[in-house]
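Please construct the entire structure, taking both the sequences and the accompanying hints into account.
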Amino acid sequence: EPEVTQTPSHQVTQMGQEVILRCVPISNHLYFYWYRQILGQKVEFLVSFYNNEISEKSEIFDDQFSVERPDGSNFTLKIRSTKLEDSAMYFCASSGGYRNQPQHFGDGTRLSIL
Amino acid sequence: DQQVKQNSPSLSVQEGRISILNCDYTNSMFDYFLWYKKYPAEGPTFLISISSIKDKNEDGRFTVFLNKSAKHLSLHIVPSQPGDSAVYFCAVLNAGNMLTFGGGTRLMVKP
Numbered sequence: 098e099p100e101v102t103q104t105p106s107h108q109v110t111q112m113g114q115e116v117i118l119r120c121v122p123i124s125n126h127l128y129f130y131w132y133r134q135i136l137g138q139k140v141e142f143l144v145s146f147y148n149n150e151i152s153e154k155s156e157i158f159d160d161q162f163s164v165e166r167p168d169g170s171n172f173t174l175k176i177r178s179t180k181l182e183d184s185a186m187y188f189c190a191s192s193g194g195y196r197n198q199p200q201h202f203g204d205g206t207r208l209s210i211l
Numbered sequence: 089d090q091q092v093k094q095n096s097p098s099l100s101v102q103e104g105r106i107s108i109l110n111c112d113y114t115n116s117m118f119d120y121f122l123w124y125k126k127y128p129a130e131g132p133t134f135l136i137s138i139s140s141i142k143d144k145n146e147d148g149r150f151t152v153f154l155n156k157s158a159k160h161l162s163l164h165i166v167p168s169q170p171g172d173s174a175v176y177f178c179a180v181l182n183a184g185n186m187l188t189f190g191g192g193t194r195l196m197v198k199p
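So the sequences go chain by chain: S and H. My numbering applies: residue 98 is where the first sequence begins, and numbers increase by one. My numbering applies: residue 89 is where the second sequence begins, and numbers increase by one.
Simulated from the structure, these hints should not be mistaken for lab results. Mixed in with the good hints there might be a few duds.
What the hints assert, rightly or not - To spell it out: a stretch of chain S is covered by chain H in this simulated footprint if at least three of its residues, at any positions, have a beta carbon under 8 Å from a beta carbon of chain H; those stretches are:
1. 122–136
2. 144–157
3. 191–197
4. 200–207
All of these numbers come straight from a predicted model, not from anything done at the bench. Using N, Cα and C, we set each Cβ at its ideal position, and we do this for glycine too.
Listed below in structure tokens is the structure:
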């Protein structure tokens with residue numbers, strides 16, 4: 098069964114450094130997403146991406162965050178200057194179409210900011 | 089953000105019995121609802137969904153019930169198996185295409 102893959106599984110970064118989280122969505126999917134889960138809290142939506150542009154973003158997704166689809170397979174989340182509160186599990190997801198198409202998640206990247 | 093609430097943080101059932109997981113939501117405009125299962129160190133795995141035009145959807149051992157007047161969603165697992173032990177999240181598809189998740193219920197199925 099096709100799956101969403103994320104790398105690395107764990108990223109440790111110094112506060113203030115840039116970090117890039119990588120995702121390979123399911124190959125025939127058109128919609129891509131990033132979510133995060135801070136320890137002990139709910140899974141929260143960050144951003145959705147379609148047709149090479151952001152379609153929606155949450156209040157969390159400020160100017161420090163950006164997303165990119167640099168080629169036909171990868172989807173990346175960049176945090177420009179990391180803060181301690183960015184420490185969380187980051188999940189990438191993809192879906193085949195708009196609404197009523199379940200989003201399929203990767204296993205996440207644990208980001209630890211020191 | 090309390091748009092989606094799962095009031096039971098944990099549930100323990102005996103193998104072979106029914107597991108019932110509950111979820112409440114606040115906005116009557118929500119029209120698509122999903123359940124995900126999550127094992128430790130893995131991402132959420134899609135289980136089953138239901139559109140607001142239905143009140144029941146079944147897939148094997150899993151059935152989701154939707155009560156729109158009560159703004160209540162439930163997931164039934166029959167019969168429960170030890171491999172079902174995981175955290176279960178309900179989610180609603182918000183305006184646009186973003187999922188809003190509940191806080192999760194940890195299900196433990198005892199052999």
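Here is what the structure says about each hint:
Residues of the stretch 122–136 of chain S lying with their CB closer than 8 Å to a CB of chain H number 3, which satisfies the three-residue condition for coverage. Requiring three or more residues with a Cβ within less than 8 Å of a Cβ of chain H, the coverage given for the stretch 144–157 of chain S holds, as 4 such residues are present. Check on the stretch 191–197 of chain S: 4 of its residues sit with their Cβ under 8 Å from a Cβ of chain H, so the three-residue criterion for coverage holds. Coverage of a stretch by a chain is defined here by at least three residues with a beta carbon nearer than 8 Å to that chain's beta carbons; for the stretch 200–207 of chain S and chain H the count is 6, and the condition holds.
Violated hints are absent here; each numbered hint is respected by the structure.
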